[in-house]
Amino acid sequence: AQSVTQLDSQVPVFEEAPVELRCNYSSSVSVYLFWYVQYPNQGLQLLLKYLSGSTLVKGINGFEAEFNKSQTSFHLRKPSVHISDTAEYFCAVSEWGNTNAGKSTFGDGTTLTVKP
Amino acid sequence: DGGITQSPKYLFRKEGQNVTLSCEQNLNHDAMYWYRQDPGQGLRLIYYSQIVNDFQKGDIAEGYSVSREKKESFPLTVTSAQKNPTAFYLCASKGSQETQYFGPGTRLLVL
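Taken in order, these protein sequences are the chains called Z and L. Using the working numbering, the letters of the first sequence map in sequence onto residues 1 to 116. Using the working numbering, the letters of the second sequence map in sequence onto residues 1 to 111.
Only chain L is shown next, with the shape it has when bound in the complex (with noise of 0.2 Å):
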């Protein structure tokens, strides 16, 4: 089946940590998105990539880093310097039409 895969389902941060949210698609879409979802906040943008090698910061990007060494790949690492890290973080990628296509979601709480 085709999809989009997060992992892990839920990632416990310590303080002073870097942590790594996994994302991979077998779509074969070029763009893919990070956001993080707080309660009542809807959808905001973290980072995205519209093709390889190549990304581009959003509305919340401090905190964060992204690479895309691969089409299939987009992992977040969700830096020391991110204050308030708790939140889901949802991962996308774009197919025809503008349609975006979500991953499961990863939760992170900090220790």
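Excised from the complex, chain Z in its bound form (with noise of 0.2 Å):
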């Protein structure tokens, strides 16, 4: 079985600093990971995804991530951080093949806040 372990619920950073949102993964096969965000009130959006190829991906929004899988690890990270990246961030693994029937396994999430 899958699981998401997101290791900070709360991060706060003021504007124009780096920041990293730590997300650790489990499964027993190959899997496809994605970070979504979620602003208040609203759905979730794809930030950025890794399939194969590349450890490391880049996103929406000034968003990269990098897959480990020695550490089985995808975090998240932006280089200098706005105002407006204030929201819920969420890691997710979906396993391949179709033994979990196309499920996808979300972390708890991470609220970025950034401060002026």
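Just so you know, the hints here were simulated from the structure itself, not pulled from any lab data. Note that the structure is predicted; figures quoted are calculated from it, not measured. Cβ coordinates follow ideal geometry from the N, Cα and C atoms, glycine included. Treat the hints with care, since some could be wrong.
Stated by the list, open to error - Computed, partial: chain L to chain Z, Cβ under 8 Å: (1) 31; (2) 42; (3) 48; (4) 86; (5) 97.
From these two lone chains plus the hints, build me the complex, please.
Now the structure itself:
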């Protein structure tokens, strides 16, 4: 069975500072990995995803993430955050193949708060 | 524009009442999902459907029911058996490369 752990429930950071949101996963097979963002009272939007190939993936709004198979991690980074990046961020994993009927498992979320 | 719509945005339920949340997509996706979101608990899967006329229970299906009579529609009914229904409900469909596309959500409140 697959699982996801987001290591920080809340991350406060000042505007223009770098940020890293940490995500570890567990699975017995190969996986797809995702980061989604949720603004207050809205649905989730895809930030970026790792399917295969290059371990460094770039997404929207200047975010990037690095897949580390040996450490089973998929941390999200941004070199300089803006006030508008304040939101909830979710890491998700989906196993290859049809064993889990296409279901994704989501972490509990990390609240990023950017302060002026 | 293609996407997922959910209605209503807010829904109020009285004790002992069944209520139905609407989810419609025009993305031509086969698979659709219902999640419940509570503060600090992330997303929990209620029901999912991989194809029309077929659906399976997720992790927290008790007190909920669904139907999938059309590809575009996947309504969720919160029954009176669900004793703690207050939450934010999200519908999603799955496109290529396992990516899920989410609706704007429905917030259910109990009167």
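Quiz item: Should the hint that residue 42 of chain L touches chain Z count as held when the rule is a Cβ pair under 8 Å?
Solution: 4 Å, holds
Quiz prompt | Interface restraint verdict for residue 86 of chain L against chain Z (beta-carbon cut-off 8 Å) | solution = Since chain Z brings no Cβ nearer than about 15 Å to residue 86 of chain L, farther than 8 Å, the hint is violated.
Exercise. Report holds or violated for the interface hint on residue 97 of chain L, using the least CB-CB distance to chain Z and a cut-off of 8 Å.
Key: For residue 97 of chain L, the interface hint holds, since the closest Cβ of chain Z sits about 6 Å away, which is under 8 Å.
Quiz prompt | Restraint outcome when residue 48 of chain L is required to lie within 8 Å of chain Z by C-beta distance | solution = 6 Å, holds
Quiz item: Taking the least C-beta to C-beta distance, is residue 31 of chain L closer than 8 Å to chain Z?
Solution: 5 Å, holds
The structure shown violates just one earlier hint, number 4.
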